[in-house]
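Protein chains in written order, with the numbering used here: chain A, 1 to 329; chain B, 1 to 109.
These are computed hints drawn from the structure, not numbers from a lab. Don't take every hint at face value.
In silico negatives: residues of chain A with every beta carbon more than 12 Å from chain B [what the hints assert, rightly or not]:
| # | residue |
| --- | --- |
| 1 | 9 |
| 2 | 52 |
| 3 | 92 |
| 4 | 114 |
| 5 | 147 |
| 6 | 149 |
| 7 | 197 |
| 8 | 207 |
| 9 | 213 |
| 10 | 277 |
| 11 | 324 |
Label-pair restraints from in silico Cβ distances [what the hints assert, rightly or not]:
| # | chain 1 | residue 1 | chain 2 | residue 2 | range |
| --- | --- | --- | --- | --- | --- |
| 12 | A | 106 | B | 3 | 22 to 28 Å |
| 13 | A | 102 | B | 4 | 51 to 57 Å |
| 14 | A | 6 | B | 11 | 23 to 29 Å |
| 15 | A | 209 | B | 4 | 55 to 61 Å |
| 16 | A | 161 | B | 6 | 30 to 36 Å |
| 17 | B | 3 | A | 260 | 57 to 63 Å |
| 18 | A | 103 | B | 8 | 44 to 50 Å |
| 19 | A | 124 | B | 6 | 37 to 43 Å |
C-beta: ideal position from N, C-alpha, C; glycine also.
The chain contents come next:
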Amino acid sequence: MTVLFGIFLLTLVVITALAIVHTKNLFVAVMLLGIFSLLIAANFFLLDAADVALTEAAVGAGISTVLFLGALALTSERERAATPHRWLSLAVVASATLVVLYATFDKPTFGDPNAPVHQHVAPWYLEKTPEYVGIPNVVTAVLGTFRGYDTLGEVFVVFTAGIGVLFLLSGGGPAGPPKRQARPDGSAIGLRDDLIPRVVARLLVPFILLFGLYVQFHGDYGPGGGFQAGALIAAAFILYALVEGEGRTLEALPRSALMALTVAGALLYGGVGVAGIVLGSEFLDYSVLASNPVTGQQIGIILIELGVGMTVTGVLLSIFHAFAAREQT
Amino acid sequence: MELVLDIVSWILLSAGGFFVLVGGIGALRMPNLYTRMHAASVTDTMGAVLVLGGVMVQAGLSLAAIKLAAILLFLLITSPTASYALAHSALLAGVKPDSGCAADPEGHP
Numbered sequence: 001m002t003v004l005f006g007i008f009l010l011t012l013v014v015i016t017a018l019a020i021v022h023t024k025n026l027f028v029a030v031m032l033l034g035i036f037s038l039l040i041a042a043n044f045f046l047l048d049a050a051d052v053a054l055t056e057a058a059v060g061a062g063i064s065t066v067l068f069l070g071a072l073a074l075t076s077e078r079e080r081a082a083t084p085h086r087w088l089s090l091a092v093v094a095s096a097t098l099v100v101l102y103a104t105f106d107k108p109t110f111g112d113p114n115a116p117v118h119q120h121v122a123p124w125y126l127e128k129t130p131e132y133v134g135i136p137n138v139v140t141a142v143l144g145t146f147r148g149y150d151t152l153g154e155v156f157v158v159f160t161a162g163i164g165v166l167f168l169l170s171g172g173g174p175a176g177p178p179k180r181q182a183r184p185d186g187s188a189i190g191l192r193d194d195l196i197p198r199v200v201a202r203l204l205v206p207f208i209l210l211f212g213l214y215v216q217f218h219g220d221y222g223p224g225g226g227f228q229a230g231a232l233i234a235a236a237f238i239l240y241a242l243v244e245g246e247g248r249t250l251e252a253l254p255r256s257a258l259m260a261l262t263v264a265g266a267l268l269y270g271g272v273g274v275a276g277i278v279l280g281s282e283f284l285d286y287s288v289l290a291s292n293p294v295t296g297q298q299i300g301i302i303l304i305e306l307g308v309g310m311t312v313t314g315v316l317l318s319i320f321h322a323f324a325a326r327e328q329t
Numbered sequence: 001m002e003l004v005l006d007i008v009s010w011i012l013l014s015a016g017g018f019f020v021l022v023g024g025i026g027a028l029r030m031p032n033l034y035t036r037m038h039a040a041s042v043t044d045t046m047g048a049v050l051v052l053g054g055v056m057v058q059a060g061l062s063l064a065a066i067k068l069a070a071i072l073l074f075l076l077i078t079s080p081t082a083s084y085a086l087a088h089s090a091l092l093a094g095v096k097p098d099s100g101c102a103a104d105p106e107g108h109p
């Protein structure tokens with residue numbers, strides 16, 4: 001049954017991908033990308049990867065769509081006419097597809113317990129997590145402590161990407177095209193002067209924030225963690241910005257606070273790592289943070305997940321505000 | 001008792017699936033944007049309520065049922081709002097409610 005569902009979802013993924021390539025309207029392409037991410041998330045969930053599914057749904061289908069729309073507002077809705085030499089790119093894509101297809105013949109079958117991925121370190125993680133870390137969600141244990149270096153790298157990738165985007169967008173440059181949608185009297189059309197979405201959004205924002213915090217701190221016990229929580233909290237603020245306007249959101253959480261959040265998150269993660277060295281062990285070894293090594297591990301995971309959440313929230317909201325600020329100039 | 005619950009949830013899930021199917025057919029076959037949205041809204045209301053109700057019967061009295069109820073409440077608040085926002089912006093953008101197939105020349109299947 002799972003295989004059947006998986007094949008169904010993957011077929012839909014392929015159809016959506018073809019539609020994305022085919023459409024010339026970039027707005028439609030962005031919407032289809034959201035559907036694509038949601039289908040992929042459903043597929044991950046089907047494969048029992050609830051944490052990855054949650055991340056894909058929150059970041060891929062949620063935040064990315066908003067950021068793409070922000071980018072589209074700065075450029076054009078139509079795709080530029082195709083460049084010549086299409087046969088060359090077609091040949092490259094076709095040969096790459098053939099190579100990938102050929103490689104799949106060597107892959108283990110779906111759900112094969114003897115697949116190399118189930119024989120390597122995964123059994124050790126599953127076996128040792130209750131003993132060393134003592135939390136039910138092994139994914140969080142792997143992300144937070146066993147593969148802590150990788151997650152630290154991811155946080156700094158997010159951090160660096162945020163800085164890069166802010167540099168690109170904050171430069172002066174020529175003013176963008178005039179706003180596309182304007183009423184005859186010149187006022188922009190926005191959700192701002194629409195009563196129903198405004199009321200509903202104001203009703204929802206606190207609950208989205210609460211859910212974000214739940215996902216943040218419940219990551220030890222169920223699917224969740226800093227990345228998902230950061231995306232959810234950023235989504236709440238973006239919703240607030242859509243209905244109440246840019247200014248009031250920046251009043252609630254100014255740019256300086258966002259920068260502080262971004263930097264403090266990365267520093268918190270790194271600081272927990274250095275604290276391991278100072279207290280007489282190795283970098284990112286949380287066992288020494290408390291007298292009991294298992295408690296130390298749990299404290300360390302909560303702290304680094306908090307750092308991840310802070311950085312992701314700060315970076316996503318900074319990028320959103322940078323796009324919005326460009327639209328106004 | 002077990003059997004009764006299974007039958008109830010089976011009926012709810014099938015009915016929900018039927019309404020989702022009807023909504024999908026309507027979204028494909030209706031002539032313009034507003035009628036299509038009208039058809040698709042069946043998915044958000046009857047479809048979601050019945051499917052989630054069926055799953056809640058399967059979950060029994062547990063934390064999962066409360067979470068499903070919260071999802072249902074969330075859907076019942078957000079879907080009509082999203083439909084309203086879409087229809088309202090379509091009206092502001094100049095899509096005429098009484099037009100036929102030519103109402104939306106681009107971007108719709």
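Verification of the supplied hints:
1. With a cut of 12 Å on Cβ distances, residue 9 of chain A stays outside the contact zone with chain B, its closest approach being about 16 Å.
2. Every Cβ of chain B is farther than 12 Å from the Cβ of residue 52 of chain A; the closest lies at roughly 20 Å, confirming the non-interface assignment.
3. The claim that residue 92 of chain A is not at the interface with chain B holds, since no C-beta of that chain comes within 12 Å of its own (minimum 30 Å).
4. The non-interface label for residue 114 of chain A is consistent with chain B: the shortest C-beta to C-beta separation is roughly 33 Å, beyond 12 Å.
5. For residue 147 of chain A, the condition that its CB be more than 12 Å from all CB atoms of chain B holds, with the nearest at approximately 29 Å.
6. Consistency note on residue 149 of chain A: stated as away from chain B, and its beta-carbon is indeed over 12 Å from all of that chain's, at 34 Å minimum.
7. Residue-level check failed: residue 197 of chain A sits 5 Å from the nearest beta carbon of chain B, not beyond 12 Å.
8. Not every Cβ of chain B is farther than 12 Å from the Cβ of residue 207 of chain A; the closest lies at roughly 8 Å, contradicting the non-interface assignment.
9. Here residue 213 of chain A stays apart from chain B, with its beta-carbon at least about 15 Å from theirs, past the 12 Å limit.
10. Here residue 277 of chain A stays apart from chain B, with its beta-carbon at least about 41 Å from theirs, past the 12 Å limit.
11. Against the 12 Å criterion, residue 324 of chain A stays outside the reach of chain B, whose nearest CB is about 18 Å from its own CB.
12. Restraint check, residue 106 of chain A to residue 3 of chain B: a C-beta distance of roughly 47 Å breaks the suggested window 22 to 28 Å.
13. Between residue 102 of chain A and residue 4 of chain B the beta carbons are some 54 Å apart, a value that agrees with the proposed interval 51 to 57 Å.
14. Take residue 6 of chain A and residue 11 of chain B: their Cβ atoms lie about 27 Å apart, and the range 23 to 29 Å holds.
15. Between residue 209 of chain A and residue 4 of chain B the beta carbons are some 41 Å apart, a value that contradicts the proposed interval 55 to 61 Å.
16. The hinted range of 30 to 36 Å is not satisfied by residue 161 of chain A and residue 6 of chain B, whose Cβ atoms lie roughly 50 Å apart.
17. For residue 3 of chain B and residue 260 of chain A, the Cβ-Cβ distance of about 59 Å falls inside the hinted range of 57 to 63 Å, so the restraint holds.
18. Between residue 103 of chain A and residue 8 of chain B the beta carbon distance is about 48 Å. The supplied range of 44 to 50 Å therefore holds.
19. A beta carbon spacing of about 41 Å between residue 124 of chain A and residue 6 of chain B agrees with the range 37 to 43 Å that was offered as a hint.
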